[in-house]
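Protein sequences, first through last, are from chains A and B. Using the working numbering, the first residue of the first sequence is number 114, and each one after it goes up by one. Using the working numbering, the first residue of the second sequence is number 35, and each one after it goes up by one.
These are calculated hints, taken from the structure and not from any lab test.
Here are the computed lysine-lysine pairs in the DSS-like style, where the Cα-Cα straight-line distance is at most 25 Å: (1) A:Lys149 - B:Lys56; (2) B:Lys75 - A:Lys211; (3) B:Lys75 - A:Lys183.
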Amino acid sequence: GQQVMQIPQYQHVQEGEDFTTYCNSSTTLSNIQWYKQRPGGHPVFLIQLVKSGEVKKQKRLTFQFGEAKKNSSLHITATQTTDVGTYFCAGPRLGTYKYIFGTGTRLKVLA
Amino acid sequence: DTEVTQTPKHLVMGMTNKKSLKCEQHMGHRAMYWYKQKAKKPPELMFVYSYEKLSINESVPSRFSPECPNSSLLNLHLHALQPEDSALYLCASSQGDGGPSTDTQYFGPGTRLTVL
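Produce the complete structure using the sequences and hints provided.
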């Protein structure tokens with residue numbers, strides 16, 4: 114079946130360091146969405162990318178969608194302790210509402 | 035307003051109990067979803083409703099029974115659950131009328147279910 118893998122699984126960084134998580138799907142996605150889930154919380158929508166090759170920025174966060182619409186990345190510049198949580202990518206299989214979540218990357222930021 | 039509400043927040047039930055989880059959204063979204071999330075795992079899709087009709091069932095056991103009484107409400111009826119069904123159950127909704135290519139999901143806070 115369709116799989117969406119994220120690497121790394123875990124990342125510990127010092128506050129102020131940069132962080133990147135990569136998302137790779139075995140099949141083409143209609144779009145890619147990124148979510149942040151704090152410990153004990155629920156997924157909170159961050160951004161959606163629709164076009165192949167698309168790049169979007171949100172303050173310290175930069176998101177990219179691959180040309181083949183099968184991979185994506187999230188880069189955080191100068192991490193802060195408030196960035197702690199698990200970052201998930203997710204996307205609907207092409208032409209469907211069948212959302213598949215990536216395996217997630219758990220970020221810890223050390224002050 | 036991008037709020038999806040879920041009740042109850044926490045639920046403890048025995049294996050012989052019958053209970054229901056409720057989800058509500060007032061964003062006019064036409065697609066609604068149930069997900070199951072185990073600790074330290076990603077959400078797993080269970081069901082999708084589109085225009086109040088069940089469109090996707092991800093081979094979920096029949097002890098989970100979804101219901102969409104109207105366009106704003108989504109229920110998940112639980113019966114004869116097993117301890118391994120303990121998890122966070124998340125509801126989500128999306129606009130669902132422009133096609134999946136631009137659809138965005140919004141999640142509720144979830145119901146944390148414990149089956150004894």
